[in-house]
Structure formats: structure tokens, C-alpha cells
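Residue numbers (this note's numbering), protein chains in the order written: chain R, 1 to 320; chain E, 1 to 320.
Source of the hints: derived by calculation from the structure; they are not laboratory data.
Here the structure is a predicted model, which means the values were calculated and not measured.
Using N, Cα and C, we set each Cβ at its ideal position, and we do this for glycine too.
Computed spacing ranges between beta-carbons, pair by pair:
1. G61/R to A109/E: 32 to 42 Å
2. G168/R to A123/E: 29 to 39 Å
3. T144/E to F91/R: 40 to 50 Å
4. I88/R to E42/E: 14 to 24 Å
5. H164/E to T144/R: 41 to 51 Å
6. A123/E to E110/R: 32 to 42 Å
7. G128/R to E42/E: 27 to 37 Å
8. R304/R to G86/E: 32 to 42 Å
9. G86/E to D148/R: 44 to 54 Å
10. I88/R to T144/E: 38 to 48 Å
11. A60/E to E66/R: 31 to 41 Å
12. S89/R to E42/E: 21 to 31 Å
13. S89/R to E80/E: 17 to 27 Å
14. D190/E to E66/R: 46 to 56 Å
Number of protein chains: 2
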Amino acid sequence: MTDPQITVLAGGVGAARMLSGIVQVVDPASITAVVNVGDDLELHGLRISPDLDTITYTLAGEINPETGWGLKGESWQAMESLKRYGGISWFGLGDRDLGTHLYRTQRIAEGATLSKVTAEITAAWGLGLRLLPATDDRLRTMITLAGDDADAGLEVSFQEYFVHRQHGVPVAAVRFDGAEQARPGPDVLDALADATQVVIAPSNPVVSIDPVLAVPGIRALLEARREDTIAVSPIVAGAALKGPADRLLRELGHEDTVVGIARLYAPLASTLVIDEADTALAGLVEAEGIRAIVAPTIMSTPQRSAALARIVLADLLDPS
Amino acid sequence: MTDPQITVLAGGVGAARMLSGIVQVVDPASITAVVNVGDDLELHGLRISPDLDTITYTLAGEINPETGWGLKGESWQAMESLKRYGGISWFGLGDRDLGTHLYRTQRIAEGATLSKVTAEITAAWGLGLRLLPATDDRLRTMITLAGDDADAGLEVSFQEYFVHRQHGVPVAAVRFDGAEQARPGPDVLDALADATQVVIAPSNPVVSIDPVLAVPGIRALLEARREDTIAVSPIVAGAALKGPADRLLRELGHEDTVVGIARLYAPLASTLVIDEADTALAGLVEAEGIRAIVAPTIMSTPQRSAALARIVLADLLDPS
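Given only the sequences and the hints, what does the whole structure look like? Please build it.
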């Protein structure tokens, strides 16, 4: 029998914490994360991949603990200089972090794929797991704004919505530009097909997991792996721990509870881990056709992340 | 009578010092520098214009006095980060300096010309003079290496030669890629045609001034302005004050003395300022058909730069 393989569908912060738990309980070499690239952007000529970097920096122990993004011990000289010129400064790029974007951009200009550069970057940080961009092709999450002001109906990039407008505006629709032409990155389909266990991390289902599923071939394959797939709810007691997942779910017509999550993930996963705060909803979750596991899901410390990982991987760790 | 206008053909360090003298003796609003862009490069996805930046930082009083390029008070966090990945690190980009390149790259991606961005950058630093890129089109100084090793015959970019190989390799030829298709930047021809006085700064004639002259229209116009053009020799006592001008002149078949400079500039300028160290060569200079002025040309202090500027602009400052 081959060693167990774990494949995790991943966005940014929530997935990074989930993965930092999983690497504590299984050999990192057995872990593959298939990572959202819908949040990626080109800015100042640079190729920026926020979710890939958040996971990398988190697992390297270098994430800025206050922001949840970027590197700790950062300086901001380049941004200060940029502000002198009136440049675009709403997307914060620390000096250390810039080194990552300079490297990625140069390598892609030289002809390397995002997958290849990502492998180089994770190797440089000494990470033992494998990060695979969902696609090496261009796929961009686009947000149509709602509301009653002049911007209603305007379609903006994800980062324009998320960072520049601080996800403080209502949303009418989400679209994944380029998804129809995008091809799964190398090894992505194999990683999903061959996994002993597939995990859907507690990332935003609408703007972190959906853009991964939008790459042709991935959703169908995941549906086929339903019995071996477990999801962790990013919604706890009707709210997102971080970011606008709850609002987005409501605005896009979903229920902003674990029941809404169950409805979204039931075709893809046979089990949903929900927080103890939602114990009362376990029955309603199971009524959606997905097994509910109640557990502490708030990964506020490395120990809690590891404990959640043990629950998520229980079948694999103790197959009896 | 309109105010006198001064137009300076400029490379990097030598021109920056010349201009820092000129702004002390005439109204900066009367000064235009037409600046070499043959040294420009794209690296890490960024648009880098070393000569424009050296002049800007020097006139802003922010140049790194030790290197002669980059900003003072720099930090190097992005480069350190880049080195972690094994990225290209031979071209030093300080964190503050990066802000300039980020801004330029973003603005050009938005459709701005290099001329427009340069005006924005100089305005942000509060400079009173006008810096005009010789062309907004792509023009790149390419160096064919000589010697007897495996690289002989190889053509490399200027920065690959100048910085990466630290101009320590012999040169067989210089070519200005794109020059034939390049158009003079906006206002460049007018600035040369309308100038009361044209100055050729003490920059490298082969790799700083020649790429400016290689833009179609500029050399012919300068020949027509010969009587109002004065050059300052970048060669003092047979050596370049900075950089490889002396070696390059020799390797490309020119004489590495003020006489060699006189021969190159006689068609373009009616006067050549040579250093006191070359007093004995004044007669040979004039034999090339160009008037020689002997003066202290080493601009080691702002005072010396101003004194040289007064000599260069003597006809204009005291037209009696």
C-alpha cells in the first residue's frame, strides 16, 4: 500500500492555518494544496499571488501575525517612496515581500510557469509540502458591485473590492474571468484523483474555493471523490472568522450559516466539520445530505490547528 | 528677447554633476536635459531608467554619495529577500529606489509615456528643470564582447556589461538596438533647436552621448547648432573619472585623450572644455577644429560644479 496522500483545496488565511495544523500531524511530503489564484493581480508590473504567498509565509513561520498577510519584520520603504509619486498604495507591499514578487515576475518573464515558480519559492523557504496553483492560466475573480450609489453595476477586480474598498460594499455577482479557457495546473487533477483524503479548507466558498472549482475538470473530479472529501466550515455561528464570507453568502442568495455551507458542499464532500458553536444546527446540516462532525474549529493557536487536523484526518490517521 | 534656454545632452553621473552646477548659476526653469535611455532595462518586470534616476536623485540632493547611483539612506530588504530565491541580484535595487521603478512601471502599463512619467517623477522631487528622455521608444545599448574567452563575440545588454561584468571585459562593438525606429521624445528637437546654449555633458561619449545622437534627427540638428554648442571632456589626463570611457574609446579605435574627444565632438560642438591637467594638449585639440577652453573640470564638490557651469555658460551669463 502506498503512503496516504492528502490534497487540500485552499484559499488564503483559513487554508494556511488548516495546513499548518496538517503538517503537524502527517508527513508534509504527503500533502498537496491546490490553491486559488483568482485573487492574483498584476500591479506595478509585478505578478502577485496573495493566497500562495499567505500559505507559504504561514508555513515558513514568517507570516505577519497582526495582519495575517505579508511577512513579519517588514519595512515599508518602497511603499513610502511610491507614495511620494502619488502611486497606487492601497495594496500594501512590504520590502521583504516585494522580493517574492520580483522573483516571481522575473521567472515568469523568462518563461517559467506559476507552478514552477511556486515550487521554487516553497523550496527556498524549506517547505515540505507541495503547493499547486489551481491553474497556470489567467483566472481572475471579478466582483460586480451592488448598492444604490454611482458604482452599482461596476465590475472590479477581487483586490479592488477586497482591499481597496475593504469589502465594505454590497456585491451583486461574482465571475471568474478566464475560467472557461483555464486548464488545471500540472499535477492538479492527479493530486485530486490520487488523494487518500481530500480536504476543503475553511476558506471563503464563494471567492476562494469556487474559483478553484471553476477550472474545467476540477469540480467534476471532486464530485467523483465525494466519499473521500471532508470540508471544514468557514462560517461559525453565522459569521466569517475573517473577511466577508458571511456577507457575500447572503448577498449572493445563500444562507450565511453552516447549513448554507452544507448546501454548497454536499455535492462535493461527504462530511462537513462545523464548530461547537453550531452544535444545534448539526441536524439541519445532515438534512442536506452531508455528515456533520462537531469540533472546535477556531484555529487561534498552532495547537488548535493541529487538533482540528487530527479530527479532519481521523479516518486516515486511525483507519480502524 | 526671450529668456536664455540651456539644453544639456546627458548621461548619468557626470551629467548629473554638471546639471547640479548649472542649476546653481541659472534659473532651473531655463534648463532642459535630453537624457540617454540606452542604459534602460526591464528586470523583475520593472522598467528601470538609470540615467534619468541618477540625475533626478542627484538634483534632489538624495543621491547615495558613496555609489553615485541610488538613494541615500537606502535599505536592501527586497534584494535580501530576492537572494533567498536565488533571483537576479547583480543589479542593486534599494527599497526606496524600488518605489520609483514601481511607479514608472505602473504608469507605463497604464499607457503613460516615459516622458510623461519622468515629468511626474521630477515634479514629485520638486526639481525645477526639465528632463526629457531622448526617446520614448525602445532603444537599448548593446555591447559585443571581445577578448579570447568563450564569451568573445557575445552581445549583451549595457547593464550586463557595465554592472554584472563590472565593465571588466574588452569590448568589440557597441550597437543601439531600436535606434533606427526610435523617434525623438516630445519637445526634444524643439529643446535643441531653440536653445540659446547647447551643452554636451562630460558623459561617456560612446555609451551615454552616442545613444542620444543615434535617435534619428538629433545628430543632424546638433550639427546645425554647432556654433552654440559646448562640450565638456569626460576624459582627464587620459583617463575617465568614472566608468570605462577611456577603455571603451581605445577598444573602439578612438584616442583615449582630450584629442580623441575633440575629434568625436568637432562636428557637433564649436568649443571643448578640457581639464587643466590637459593644458599641454590644448593646441592639438584646436587642431581638430574645435576651440579649447582649459578649466578645472573635476566636479568633486557643488562649488566646483558651479564654477565649471559658470565657465561653460560664460557667453550666456556675460554676453558682452
